Every structure is written in C-alpha cells, then in structure tokens.
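Trainee: Here's the letter readout for the chains.
4 protein chains.
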Amino acid sequence: MLKVGLLGAGRIAGVHATAISSHPGSTLVAVSDINTAAAEKIAAQYGAQAHDTSAILEDSAIDAVLIATSTDTHSDLIERATAAGKAVLCEKPVDLSLARARACQKAVSSIGRPVMIGFNRRFDPNFSALKKAVDAGEIGKPELLSITSFDPAPPPVSYIKVSGGLFRDMMIHDFDMANFIMGAPPVTVTAVGSSIVDTEIGAAGDVDTAVVTLTYADGRIAVIKNSRRAVYGYDQRVELLGSEGLLQAQNILENTVVKSTTKGVTGAKPTYFFLERYMPAYAAEWAAFVEAVKGGTPLPVTLEDGVAALAMAEAATLSIKTGSPVSLASLLD
Amino acid sequence: MLKVGLLGAGRIAGVHATAISSHPGSTLVAVSDINTAAAEKIAAQYGAQAHDTSAILEDSAIDAVLIATSTDTHSDLIERATAAGKAVLCEKPVDLSLARARACQKAVSSIGRPVMIGFNRRFDPNFSALKKAVDAGEIGKPELLSITSFDPAPPPVSYIKVSGGLFRDMMIHDFDMANFIMGAPPVTVTAVGSSIVDTEIGAAGDVDTAVVTLTYADGRIAVIKNSRRAVYGYDQRVELLGSEGLLQAQNILENTVVKSTTKGVTGAKPTYFFLERYMPAYAAEWAAFVEAVKGGTPLPVTLEDGVAALAMAEAATLSIKTGSPVSLASLLD
Amino acid sequence: MLKVGLLGAGRIAGVHATAISSHPGSTLVAVSDINTAAAEKIAAQYGAQAHDTSAILEDSAIDAVLIATSTDTHSDLIERATAAGKAVLCEKPVDLSLARARACQKAVSSIGRPVMIGFNRRFDPNFSALKKAVDAGEIGKPELLSITSFDPAPPPVSYIKVSGGLFRDMMIHDFDMANFIMGAPPVTVTAVGSSIVDTEIGAAGDVDTAVVTLTYADGRIAVIKNSRRAVYGYDQRVELLGSEGLLQAQNILENTVVKSTTKGVTGAKPTYFFLERYMPAYAAEWAAFVEAVKGGTPLPVTLEDGVAALAMAEAATLSIKTGSPVSLASLLD
Amino acid sequence: MLKVGLLGAGRIAGVHATAISSHPGSTLVAVSDINTAAAEKIAAQYGAQAHDTSAILEDSAIDAVLIATSTDTHSDLIERATAAGKAVLCEKPVDLSLARARACQKAVSSIGRPVMIGFNRRFDPNFSALKKAVDAGEIGKPELLSITSFDPAPPPVSYIKVSGGLFRDMMIHDFDMANFIMGAPPVTVTAVGSSIVDTEIGAAGDVDTAVVTLTYADGRIAVIKNSRRAVYGYDQRVELLGSEGLLQAQNILENTVVKSTTKGVTGAKPTYFFLERYMPAYAAEWAAFVEAVKGGTPLPVTLEDGVAALAMAEAATLSIKTGSPVSLASLLD
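Residue numbers (the numbering used here), protein chains in the order written: chain H, 1 to 333; chain C, 1 to 333; chain W, 1 to 333; chain L, 1 to 333.
Hints may be right or wrong, so weigh each one.
For identical chains, the list gives no copy identity; a pair is met inside one copy or between any two copies.
In silico lysine to any residue, SDA-like type, Cα no more than 25 angstroms apart, as pairs [stated by the list, open to error]:
{"#": "1", "residue 1": "Lys263", "residue 2": "Arg113"}
{"#": "2", "residue 1": "Lys263", "residue 2": "Phe274"}
{"#": "3", "residue 1": "Lys3", "residue 2": "Ser21"}
{"#": "4", "residue 1": "Lys161", "residue 2": "Thr27"}
{"#": "5", "residue 1": "Lys263", "residue 2": "Asp198"}
{"#": "6", "residue 1": "Lys141", "residue 2": "Pro152"}
{"#": "7", "residue 1": "Lys141", "residue 2": "Gly183"}
Honestly, the hints are just simulated from the structure, not real lab data.
Computed from a predicted model, the values in this text were never measured in an experiment.
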C-alpha cells in the first residue's frame, strides 16, 4: 500500500484525494496547505491527518507526495520531496520560468527519485486510445496533427496577470499533447494570437486566441488552436492525418439525447467543466503513477516532459512578440 | 436506344421523364394524359410527342412504357401494354385490390413481356448499400429487421379516402423493403394502429400511426413503424440485427452544417420532400429497368413483388380490424 | 446519515455497496448473504459488519435495507423488512409470480413504509434527460415510442431456465421504461418471438428475440425490441415520436475516437457491459432513494411500478403462447 | 435564354456543359478546344456547334462564355471575351502570375462587362449554409476560422511542376473560402510546409502538406490545412468559432449506412472525387451567374476575388521561402 501525502488542499487537490483514496494500492495519510482549515477538511473526509508540509516531507512512513500547490512552489517542493526520498507526482507546469524548471530537472536527476508531471490529458481514455492507434500503425506514418483546445470561458483578468500567459498556463497542455502524440519535440514554433475575446486580456499583455504551428525535423507539422472562450462547452479535440488515414478524438457530450424538430436536429453540448471531462483521466493518471512507482518501471510522464512543454510555451511567447518562428533548440542550449 | 412512351403527366411522371431523358440508353418519344395540356408540356420539354394512350400502345416503334397514371388504371394498362408487346415499368401499387392484381399477374405471365413495379426505394443508394452488406454476410445471419418510415405531414383527408388506406398507400413501400431485405415473404402479419395524428383520418376509416410485426418461417422477425407526420422531415430508416452485427441506413440531411451554442449542438434536418430524398433512386431504378430490358436479364423488381407487398397490406388491414395476426398464406391460396 | 443494511453480496450487491458508501448521506453498516465469505468481503471493503439477514432486520439502528438477493426471496424480504420498519430499495423484479407480487404489494401498502423497486434505467442520465424533455413538451404530444434493448450475449441456458423467461427477466426493464416515458399503462400487449439466436433457448421454453407492441387508451403506441445477442455491445436506445418532433436517447460509446481509412470511418462500439453503461444510473438511483426517504417525499419508482411491469411481462408471455393480444386489465382484476 | 459559348472541352468543361444545358435560362450553343474532336463530342452531346475560339468570341448571338481552358490562357481570354462584349465565367485561377492577373483586372474594369471567377466551393450547399448562418449572427462575432482541405491523392509530379505550386493550385480555393467567410482580406500570411507525402514533390520545388495562418486587422485569425493525400477520401471541412458558438461544415459521405460489429461502428467514407462532392456546387454556381447576368445584379464572385486569392497564394509561397510572415499589402501596392 503506497502511503501518500498531499501538498495543497484546493480544488484540484480534492480531485487527487479522491483518486488516491479510491485506488486499491494507495492510501492518503496526510494533507498540508497554508490554509489549515482546507487541509483539515480534506483530511477528515478521507481519514488522513492534516500536517504542515515539512512534517509530511520528514515523515519516513510516507512513500510519495502529490504536489498540488501554487505553481511558484512546484520546483522547490519537487527538489525537497525527492531529497527526502519521496516519489513525486506534481501538477503542471513545473515552473513559469524555463531556467528554474531546468535547474530543478538538473537537481532531481542527480537524486534519482521518480518525478511525474501531471499532464492528465495523456490519460484521457479518448486521447490515449488515439495514441494507441497511432502507435499500432493504424493510420500509417503521422504527418499533420491538429489540436483544438477551447475553454468555455476566460478566467478573471486578475488570474491572467499571474498565470504566465496563455502559452504557459493553457496551451502547455497542448504542447505536451503534441509531444505525446508525435513522440519528438518540434524544431520550430510559430505563434499568432490576439485578444479578440476580451480586450482587457490584451491590456494585461496576454492573448486569448492563438494558433501555433510546430515543424518537426522529419517534415511533420502540428497546429494548435486555443481560445479562452467557447460558450458551448469545453472543446477538446485531437486530429492526426497519417499516410494511411485520419484519427480524431472528439468531445464528450453531456448526454446522448438528440431532438429533431422543425428547428433542426439538436444534441447535447460537450461537457462544460474540465473536471467532468477529465475526471476519468485523473484516476487513470494516479493509477499509472502508482503502478510505475511500485513496479520500479519508467514513469509515463517525466520531469523532462514538463520542461519540454515549458520550453515550447516560452518559444511561442517569444514568437508572438517577434512575429517570427522560434527555434526550440535556441532556448535549450 | 430504348424508345419510351410515358403514360401519365403528373408530378411523378415528370420525375420519370427526366430519368428517361437523362439516361444515355433511352429516349422519351411520347406522353399521354387525360389532361392533354399536361402531356403536351412534358412532351415539349423533352422533345417528345403528346398522344393518346391507345396511339402510344399501338405504335410499334415504342419499345417500353412507363405507367404513372392513377392507381385504378395500373392493372388494365399493364395488361394492354404487355399485350401490345411493350416492356413495362409501372408505378406502385399494382392495384388496390389484391384479387385484381393477382388476375393481372396471371394475365401477364402468359404474355411473357417484362413488367417491373416501381418500388423506387430498393434503388436508394443507402438501402441498396445495406442490402449489399447483408448479402455479403457482413453481419452474419439476419434476425431482426426494423423499418421506420414517417412522412413529414399527412395528405388531405380527401386523398386518404381514396388511397386504399395507410397500409396499401404508404406502408406498401415498407412491405416491399422488408421483402427486399429479408428475401422471403413473412408467415404472419400483425398490425396495431390509431389515428392519433388527425382524428379526421380515423373518421375516414383509416389509421395514421401504425406498427406492424412480421414473422418468418425461420424465426426471423420484422417490425415496421409508420406515421403520417414527422414535423422534422421525411424519416426513412432501416436497421437490421444479425448474428454478427447491426446495419443501419440513416437519413439524408439537408446539409452537413453543425452549430454549437449554449442551446446545444444542432445539425440540419432530414430532407423534407420525398423527391429530394429519393431522386437518385428514381434515376437508378430507370437505369436498372433499361439494363434488364436491353440485356434480357431478370428484372430487379417484378409484378410478383408488387402482388406480394399488396397481400401484406391486405393482411395488415385485416389484422387491424380483427385484432389478431393474419396468415399471409390465407390470402394467397 | 442513513444507516443501511445490504441483503445479498453478489455482483450487483457490490455495485450498490459502492453507491451507498460514496453517497454523503448514507453509510453501509451491515451485509448478509447465504455465502458468508462474500458478505464478509464486502463488509471488510466498506467498513461494515457481516451479519445474518434476521439480525439486520432486527437491528433498530438500521434505517434502510437494499435487497439484492435472488428473485425468489424479494417478496418475502420486502414484507419482512417493511414490517421491521425499514425503508426498502429492492432489485427488480418484485417476483416472478404476478400473484405473489400483488400479495406483497397489498401487504406492504398496509404497513406504509417506503418501498422502491430498482429500475435503474430510469436514472440513466440519457433516458432521464429524454423524459425531462418529454415532460417539458419539447416534442409536443407523444405518439409512438420505440425501445431497443439488446444484450451483448445470451446468458447460459441454465440461467434462462430459472429466469422466468425473457419477458420477466430482460424486457421487464423495457416495460418499466415504457411506463416511465408514457406515464400510463398500456391497454393491450401483443408479442411475437423466436429462439433464432440459440435453439437451446427455445428448447428451454423461452425466446431470445422478441417484439412487443403496446397500445394505449388514447391511441398512443409503443414497440419494444429485445434480443439476447448484439455482438457489438450493449445496445440500449429509446426513441419517441411526438406531434412536434422526435427524441432519441442513443448508446454510450467506449470512447470518442474515429478512424478514417480506405476501409471506412470507424468509431468505438457501445459499452459492452451493463455496469459500464449504467454505473452512473446506480449512483443516481441510490441518491434518489436517500433523498425521498430522508425528505419523506414520494419515491420515484414504487412497488406499484414493479407490479405493473410484471403484469406486462405476464401479458407478453401469454400473448406469445396464444398468438393474440392480451388485455392488461384482464390480468389485474 | 442566355446563349453560351464554352471555351475548352476537358473534364471540367464537360461538367459546365451539363450545368449550362440543364439550366432553364441558358443554352449551350458553341464549344471550342485545341482538341477539335473533344469540342465536337461535347457539342454533339448537347446540341451545340464546335467552332474555333475566335468564331465564338465574334459571334454576336452569343451572350456569355465560360472559360475552362488551361490556366495560362485565362487572362487573355477574359480580356478578349469582355472586349467582345461577352459576360464571362472563368475557371480559377485567373493566372499563375499575380502581376498578369492584376493587369487583366485593370483592363477588364475599364470595359465594364461582368466577369465571375469559378470559385465553386462558395456554392457548395454546406459552405453556403455556414456562411448564411455567420451572416445571420448565429454564432455572434467570428473569431477563429479553420479550413481543412485534403485531396485524396496527389497528382502526378509532372502536373505539380506546371501547377504553380500547392498554394496557387490547391490552397487558392481555401484562400477564397477564407475571404468568403471572413468578408475581408488578411493582413499577414504565414506558411509552413513540407513534402512528407512524396519527396518527389519536394524535389520539384513544391510542398504537399502545409499549414497557413492568416491574421486580420481586427484580431481575427484563420488557419488553413492542406494535404495532397487523405486516403479515405476528399476531406473538405470548415469550422468557425465565434463569440456565441461554433459552426462546422462537415464532409459529404458516400452513403448513410453504419455497421456495428465486434470491430467497431463503421460508416461510409467521404466522397472520394471532387466532382461527386461539388457537383451541386457547379450547378448552383452557374445558376448564380445566369441570375446576375440576366438581372444586371452584382456577381457573387468577382475578378477582384480571383486576384485577392492569388495574392494570398503568392504571399504563402514567399512566406515558406523566407520563413517569415508576409504582409499582404506589400504584394498589392
């Protein structure tokens, strides 16, 4: 039984607490948060103890920690937890600073404890079925990847200001999805974007609508589309053209009812809330972490993956400023 | 080049005139109708002559006639045309009277000229693709057939009164579709029905909503659903469960545009008008007739098929009166 | 907190145990089964005690029992549990004997404790969304209902022999669905059926493929199609034609991936296992039970509903024997 | 009755001949081609005369010409035909040279005869329904447009070499589609591309897979994806995100049959051949031309539209060479 400490007690931490408790091979033993009451509430619900973070890291009975704190603490906590011998599953992104993330990566690599980054979408049953079909050669050689990723509504501008921007905060999931599907990093990153959804977002120095094209060494191309607003729901689709066919992973709908009237044929919308869409993915992500840690097998998403996606976000941010393609290698030498 | 006379100049005759003229192996040479002006109009449009029916039947230069007159004239015209040596394509139904249709069948069989009945739906690209898949064994052994056939709106009650009733006028297409798919006639016919769409239809002695179940000697079952009203369009679907899978032929939509808003995900309706839906079927039907007549090969739909469907309509009419299953054989001995 | 005893520890009892434990307003305190080890296993997993049934019924600290034992014990346990003051949720069917079920209904009605029958499909998010749309008048006045309900594979013939037959064992869910959607019982029940899937099922006196038509006092019609085998998965669909449109509740698919190749455009199959399809329904069913019991409000599915569906199953069984429609009233006077 | 001369007698000319002849307001009177036999064949089929081009242009009885000759003759023939007083419908592109096309535009503007460019896709019932929905404000303010346009198989490399390249030969349709939907030209054009489908195409100096992003003055963004190969058929989709929803125009399928087996749920492929997909568009295009010419009303697609799309193709060609965004204005001053 893997004994787990949960660092953070916010909304996403609650999701992880459920996954940890429901898994037959893991148990939640401790929770910490700067908001003590929040930590206590989760601890009570799942029969765990509320502690401070240091106590959790120092508790030798705890095998693993799940880091679901604010982004600015991720790198430090990864380093402290691995140094304390814990296996780590850390929410994305590793850091808003590529330099800090790379330093963390370097520090951790010498310690040798497993660190997995929480790119939950890799574990979505639809995207993982698509990936499996690609790997099985079902559409031949991949050529052109398209990722559509629209949020239902933009976050408050106050959040936008501290988010690191659309590329680090939102599209980073899609950068990782591209890396997951393509199995290699791109060579160049070219971004266009605007703040057509909300000019306040533009005033805050960010974009709310963006298209990024990625080119690969072997001629493959990927394109990622993001918008902060799709009023009909959370729109999450992946489409891959290959030499022998096309694969598409489509949205999950609220239900399967279809109504035909004089006004048309109307079905349900995509699920609106990301937790509705990705709840099965969080459970599968945790199961994969437990399996790798217990089995001593390679993690399905690594700290390197976290750094790679962050580098792409930095490249896109730079591309939109300069109006030119950015070489990914130029950011990583 | 097959020289063709068209008997009748109403709406459906116009559809056939187009099919005859567009086919590279046939040409429309004469048209007749009790409404002379209508005959002259079609004749002018396609470079044919307007004549009276007798003149067309006596013209030895005419190879084939297409009968698109009122139902009560079908049997007589089939007999006269075949006696005059013409190949015949006659609109459904053969007759409203099963006895008259069987007499016609007997008369024609001794003459030996080809007579095809216009069950156009067999030539619909969707239903014929389904039939081809069945025959190729793609779902194994057929077990349970469902036919949904809803008209967008009921005809005037004045028409209902002379139509022969829902089973002879509307469901006869579906009886033929069942025979087409199943490749054998049923053993029993059981009908339920009501006039829930329009009580005037009930007052006229007919039903507007009906479900008929058919049983087959080998244990297969079919069910046909009819309604005179489906406000969203012309709803024409076939579904067949077999030992190794399910086949479904679905509706043709007005276009492929889908709109996602806060109100749901809305696509186009099924085509509303039967000619929109079945125009390709009419052209394919004519092509099949020309090919069989020219090649001397068996017709894809025979007068026997017309009689078989009519017998099923009579059985259903009787079943709804008696409230009991009707043996098809009892009507045909 | 509702304290719950679980009678039965088989597969479906495990599903209920999860639902009871996951609900914030209920807790599983005791489990009984003639297989003591099975009861102990479930009890251990959820922190409950294994007891014998009598002990559970006599324990005044237990508020409610969930009956998930074999069908032949349902009526007795319902009577004993209500007599002991428990609220009851009992798996369907109430009994295989309509007479016994009606006696149970009579006994319970004098006791006055709440008894809900586990027609879980009413709580399926798709069917309940369809029902809500009907009740909101979104397709006007209902006219013609179709229910398709195919199992992926037939059970062993040994099970068939003790099942009460397809109508009492399988189609009973669809009878209840018809009652749920139509809001009234039918007037007549007409069944056709055969054992085309497996002749052994026929030899055991049952059918494996059946179509039942129901007529209603106001002219509405319903048709239910059942097959014990749909190799592509668990096929569960409802379709309702109304005066202003059509509602369809379609299948849940294993995932949303679609592959386009030279062989066609292929998507995932419907979920294969009934628990996959209906797991959310079991949770919603339990939540509805807890809400009604705690709030003292009417139960969403009553013992009367259980008897009504059973009467329809008996009528269908009789219809298939006699080859004639059966009046439902004739069975209930 | 509009009397029409057809310049060219190749495959696409045959399509136009059918549209001209089938339209009740136009008649095909003459056909020319450097391949005299081809011209005579089409002329015979539709009751027209084969002439040489000069004779057609000088025939004052001819009201309009349809130019379906090789691209290098388009500009000359547009100028000669308008100078001779004809109304003109010319196949796309106007020219491979932007300079020549602009000179043609200038010459024609002083003559004042109507010239329409054959961007047939604007008349596709699906894309025109999408455009109508946009204009009706059904998804609010447009923000992000995606066009997917994949050919089923690449043309011979010999054709590629004289085609003007993917942007002028293939994506020009999509540039016009973007202009049609967005109602304004873009500000910048950024292209990435590779020859991953066939390295011979790369050796010929062209790409076979490309993604182009367009930015607009008001912050809108468009992205166009092209591939010369989609083995499953002709993949033609348009998707537009707006402030109040999403519009998608999807593919036309070969038929509506869906098969469910243990291998999945398989439907028909998109139509493979562009004429299958766009045949209704060619008829609608011709009808729109006839209506505008007869009514003296503005043409739905102008020579200016042809030049605009060509300029975007030139910009994309330049962008892919330089690796940088190209300002459209820089090509048109």
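Trainee: Does each hint hold? Answer for all of them.
Mentor: Verification of the hints:
In this assembly of identical chains, the alpha carbons of Lys263 and Arg113 never lie at most 25 angstroms apart, being 59 angstroms within a copy and 42 angstroms across copies at closest. Taking identical chains as interchangeable, the C-alpha atoms of Lys263 and Phe274 lie at most 25 angstroms apart only when they sit on different chains, with a minimum of 19 angstroms there against 30 angstroms within one chain. Taking identical chains as interchangeable, the C-alpha atoms of Lys3 and Ser21 lie at most 25 angstroms apart whether they share a chain (10 angstroms) or sit on different chains (22 angstroms). Taking the closest pair of Cα atoms, Lys161 and Thr27 never come within 25 angstroms of each other, the shortest separation being 36 angstroms inside a single copy and 45 angstroms across copies.
For the homomeric pair Lys263 and Asp198, the shortest alpha-carbon distance between copies (22 angstroms) is at most 25 angstroms, but the shortest distance inside one copy (32 angstroms) is not. Proximity of Lys141 to Pro152 under the C-alpha cut-off of 25 angstroms is restricted to the inter-copy arrangement: shortest distance 16 angstroms between copies versus 33 angstroms within a copy. Proximity of Lys141 to Gly183 under the C-alpha cut-off of 25 angstroms is restricted to the intra-copy arrangement: shortest distance 12 angstroms within a copy versus 37 angstroms between copies.
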